[in-house]
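Engineer: Could you put the whole structure together from the sequences, leaning on the hints where they help?
What follows is the residue order along each chain.
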Amino acid sequence: MSFRVGVVTFPGSLDDRDAARAIEMAGGTAVPLFHASDDLKEVQAVVLPGGFSYGDYLRCGAIARFAPIMNSIVTAANHGFPVLGICNGFQVLCESHLLPGALTRNSNLHFLCRDQKLKIENTNTLWTSGFTAGEEILIPLKNGEGSFQCDDETLNILESEGRVIARYLDFDPNGSRNLIAGISNERGNVVGLMPHPEHAIETLTGPSTAGLTFFTSALHQLVGR
Amino acid sequence: MSLDTVAIAEENPNSVQPFAELGLKEDEYARIKTILGRRPTSSELAMYSVMWSEHCSYKSSKVHLKQFGEKAVKSAALLVGIGENAGVVDIGQNYAVTFKIESHNHPSFIEPYQGAATGIGGIVRDILTMGARPIAVMDPLRFGLADAPDTRRLLPGIVAGIGGYGNCLGLPNIGGEIVFDESYAGNPLVNALCVGVMKHEDIKLATAHGAGNLVVLFGAKTGGDGIGGVSVLASETFNSAKPTKRPSVQVGDPFAEKVLIECCLEIFKADLVIGIQDLGGAGLSCATSELASAGSGGMDIQLEKVPLRDPTLSPEEILMSESQERMCAVVEPAKIKHFMAICKKWDVTATVIGEVTTGERLHITFNGQLIVDVPPRTVAHDGPVYNRPIMKPSYIDKLAESTFTVPLPTAADEVKAAVLKLIASPNIADKSWVTSQFDKYVQGNTVLAQPEDSGLVRIDEETHLGVAISTDANARWSYLNPYEGAKLALAESCRNIATSGAKPLAVTNCLNFGSPEDPEVMWQFAETVRGLADACLELGLPITGGNVSFYNQTGSVAILPTPVIGVLGVIQDVRERTPMGIPAADLDLYLIGKYNGNLSGSEWAYLHGEIGNSAPVANLEMEKRLVDFLLSGQSIFESAHDVSNGGLAATLVESVLKNKIGARIELNDVANALFSETPGRVLVAIAQNKTNDIAKLAVKYQIPIYKIGTTGGTNLEINQAVISIEELSKAHTETFPRLFG
Amino acid sequence: MAKIIVEVMLKPEILDPQGQAVASALPRLGFTSLKAATSVRQGKRFEIEIQGDPTPTQLAEAEQAAQSLLSNPVIETYIVKVEK
Amino acid sequence: MAKIIVEVMLKPEILDPQGQAVASALPRLGFTSLKAATSVRQGKRFEIEIQGDPTPTQLAEAEQAAQSLLSNPVIETYIVKVEK
Ligand SMILES: Nc1ncnc2c1ncn2[C@@H]1O[C@H](COP(=O)(O)OP(=O)(O)O)[C@@H](O)[C@H]1O
Ligand SMILES: [Mg+2]
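Protein chains in written order, with our numbering: chain A, 957 to 1181; chain B, 36 to 776; chain C, 23 to 106; chain D, 23 to 106.
Simulated from the structure, these hints should not be mistaken for lab results. Take the hints with a grain of salt, since some may be wrong.
Keeping only pairs whose Cα atoms sit at most 25 Å apart, straight-line, the calculated BS3-like set for lysine-lysine is [what the hints assert, rightly or not]:
hint: 1; chain 1: C; residue 1: K33; chain 2: D; residue 2: K66
hint: 2; chain 1: B; residue 1: K370; chain 2: B; residue 2: K304
hint: 3; chain 1: D; residue 1: K106; chain 2: C; residue 2: K66
hint: 4; chain 1: C; residue 1: K33; chain 2: D; residue 2: K25
hint: 5; chain 1: A; residue 1: K997; chain 2: B; residue 2: K379
hint: 6; chain 1: C; residue 1: K66; chain 2: D; residue 2: K103
hint: 7; chain 1: C; residue 1: K106; chain 2: D; residue 2: K57
hint: 8; chain 1: D; residue 1: K57; chain 2: C; residue 2: K33
hint: 9; chain 1: D; residue 1: K25; chain 2: C; residue 2: K66
hint: 10; chain 1: D; residue 1: K57; chain 2: B; residue 2: K379
hint: 11; chain 1: D; residue 1: K25; chain 2: C; residue 2: K103
hint: 12; chain 1: C; residue 1: K57; chain 2: D; residue 2: K33
hint: 13; chain 1: D; residue 1: K25; chain 2: C; residue 2: K25
hint: 14; chain 1: A; residue 1: K1073; chain 2: B; residue 2: K693
hint: 15; chain 1: B; residue 1: K538; chain 2: B; residue 2: K629
hint: 16; chain 1: A; residue 1: K1075; chain 2: B; residue 2: K695
hint: 17; chain 1: D; residue 1: K66; chain 2: D; residue 2: K33
hint: 18; chain 1: C; residue 1: K25; chain 2: C; residue 2: K103
Structural biologist: Here's what the structure looks like:
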């Protein structure tokens, strides 16, 4: 059975083709979705890719959130539809209130591109089930506003419910609370991740192939293999 | 504000015009009058003045640059040569690649962030204009001393600007240079390179053919950017009340450019343009006159149709505006609807502003009044040409006769201290404080990027075809001997390409110099061009384009002559590339190529306040063999890293630090061996059972090779000197964060 | 001509690295009297310029825009005002 | 407790991509009455909080800081004021 995953292109999306490549490499079929349409084209999951939607001039993801495609995604996600937001996609998910908190300027105020070690904290989400608990992986991180911030109450909820899916290891790249690199919603179908798994799918172009597991995880769960 | 029309110019032939304020010489102004048979209108004057500026007309450099065409070998790979927005080369499999470097030195000094950002924006549009999808950028940079306060203002701003714009466009930054020297104080160099790829049939040219075809301006609206000089004209001649001072600073909108890129690529794919030109320096003046000049007919433009961001702009200013993120295309009427639909999809403003005519003249009207009536060629191509006086500077012979000494370490602890000192110096230190602000991963095809010898990008995911690019300049050698300096820069760039496993194919350049009106600077320039042209001939490489930046000086003191050379290489299978870092223990380390111990122009000498007395003499015949040696040996090299700035010491340390695998080295004449920057050398690591293979290659290509050590352990050991990887790493990485926070 | 102004600041409990960078630069650059500042925060200011006085609809929409678009209520607060 | 406020805006003739992004988003999101806005500009707001009223030295230094650190005179203008 084919596994159709939509990849949304907003004006200013950059890593959309890379996300599509990762989906295909994981064995799925990448389906391009355009911001201006609300048609999800019968995909079984959606990836919101990295980039600078609408230039991200106001706040990252602030304008993308209002795109027609997001209406469909928000509605579907509230009914358990799988969504992975990477970098700018994570920012869009927070702005859309599908995920709590917000991503703010890196604490050193610079854009930062580096190979970042992560610890996978939760393997119960759709997008992380292929990892072993506590697994350490190395994948690229590249953003200017990746510092995860939220109030204490939200943080407590995220931690106590095990919704922190990945944490930065060995190096704090941006001042995120509790070194949070990625979180999920309550149900585990919506995941936001600041680093870029789609850039760690072949050793030729990335620091590892561990990123592929995010995509194969969803594939295996949804196709039931 | 009254409008100066052609009719008025004919009626009032003797009106006083501020040509000098616009940078035109008296005889240049006279020449315009001769061409037109009357005085120019203020709009025409504005057009001629910018198009005949040094920046646009190459009036001081033209006579020299001719050599690039005259001497060049006829290369079958060259699909589009010098003269277009960027040259195009054939890399096989029906792919064509275009690449070019441009300078944005002066704007970056005034406003570091925006100056550098718009530098990236401009070169990317040049590449896009050829019909190519931009796939990567690079940024060779030069600054005054690293700890000077002005460098602390400039460097972070320039770096943030390059990242801010390039990252937002989704272009991986795959390399560049950062060099500090006091000669660049008050005059930093910000050069930007872009490379793009297309299929052969997609190549586009800047030309306007076919009477009745439409001229479309699309992209950002036109504002008052970059027209400081022309406001003088609008105010002093035609209006007693001066308009508000126009900003000469151009502000970039990378999002607008990103959308423009996608829009253009979709337009190209649907084959909707006859010709296309980006708007860069000199804005619409340049785009219209160049399109018309390269075409078969004339052109009529209705200037009032240009969408404005600032409604108070005068026609002169509209013609001159350097607002970013704009393009100009020539489109057949039958295709205009489709063209406009694609623009609409991407939310890009597009306006028909005129059409191609059967005549021979460029006519520009403003609300029905004729304000420009010129033969386009006279604006775009027939600018003045100067054969400026040249004079060999006296410092050259004085230095050549001088002897110089620098302290050299001998005992083990001295060697250790010297290596640590060298690798902590700003020119050699780790640059990741800078390069980590650039996205090198986007597009998912980056195989090698900084700090590798060259940037290497995959072009085709199925066939694994790829291209490599390196940019290099050694300004100290160019200062000592500009002819050899240019040759050496080209040789180094080729070597960097081959070290990574790619075959050098074509050359671009950005020649950064002081004032051409200074005969000594002009001599440096002439010698540089001669050297580069000779070197290209000898290496059999075509020059596909480039850029000249003059007037890089503070007061009467010129920068070091800085020819930045970019070489493009091709690699058939990117999986075969050779990385710089030592990948494993128990490999043999070989130094390929012979050193001569000369420390002139070296970083070690510079650290002791010395420049030396003579540049090395480039041995291009040997460099050619070295390239062949490296390409033939690709399959046996586990890693390869060339020896350049900082000598073998820097090469060793960088090779060790990349993967944190140590090495044990034995050297005779240790200090010279470590710190001399003798060109033509590469450090390679091979498996110990490959000794025979490398020896055979050495014989075949007559390249001397020296086994200097083995890999492994947690130290770099050089004879008796033992330096732990930790100590190396600390020395190498702490400098930039300490300087720039 | 009037301007509807929207001022957006990070909530006090949210880390403000830009404000912090300014705070630490001030004394370094010799502005020693400002060392006594208890806090430095950096926010955004939007100026929406309109012809004539703002209508009640415009003010209401500006308020809504401030809340939904111009600020993120998770981390920011805003104020809407009118300047002539 | 008082606040020295520094407002920094791009000069009117300088392109403001941020303001433009907001301007084009407003009508798209249904804030139609704001479509009539003649311009939308985005700038920065700094709040320097101090104990008690600002001294003349503090104000003078804030002015200087606004000019040299907080704004870029090549493309921006600033205003310094005090809020209680
Ligand atoms: N401004 C920059 N931007 C991107 N990469 C840079 C920059 N400066 C230096 N680099 C990278 O750092 C590495 C070392 O630079 P350099 O010592 O000049 O190399 P080489 O001597 O081999 O040409 C190269 O990979 C180069 O591309
Ligand atoms: Mg090198």
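Engineer: Give a verdict on every hint.
Structural biologist: Taking the hints in turn, this is what the structure says about them:
no.	hint	result
1	C:K33 <-> D:K66	holds (16 Å)
2	B:K370 <-> B:K304	holds (13 Å)
3	D:K106 <-> C:K66	holds (19 Å)
4	C:K33 <-> D:K25	holds (16 Å)
5	A:K997 <-> B:K379	holds (23 Å)
6	C:K66 <-> D:K103	holds (16 Å)
7	C:K106 <-> D:K57	holds (19 Å)
8	D:K57 <-> C:K33	violated (29 Å)
9	D:K25 <-> C:K66	holds (16 Å)
10	D:K57 <-> B:K379	holds (19 Å)
11	D:K25 <-> C:K103	holds (18 Å)
12	C:K57 <-> D:K33	violated (29 Å)
13	D:K25 <-> C:K25	holds (23 Å)
14	A:K1073 <-> B:K693	holds (17 Å)
15	B:K538 <-> B:K629	holds (22 Å)
16	A:K1075 <-> B:K695	holds (22 Å)
17	D:K66 <-> D:K33	holds (13 Å)
18	C:K25 <-> C:K103	holds (8 Å)
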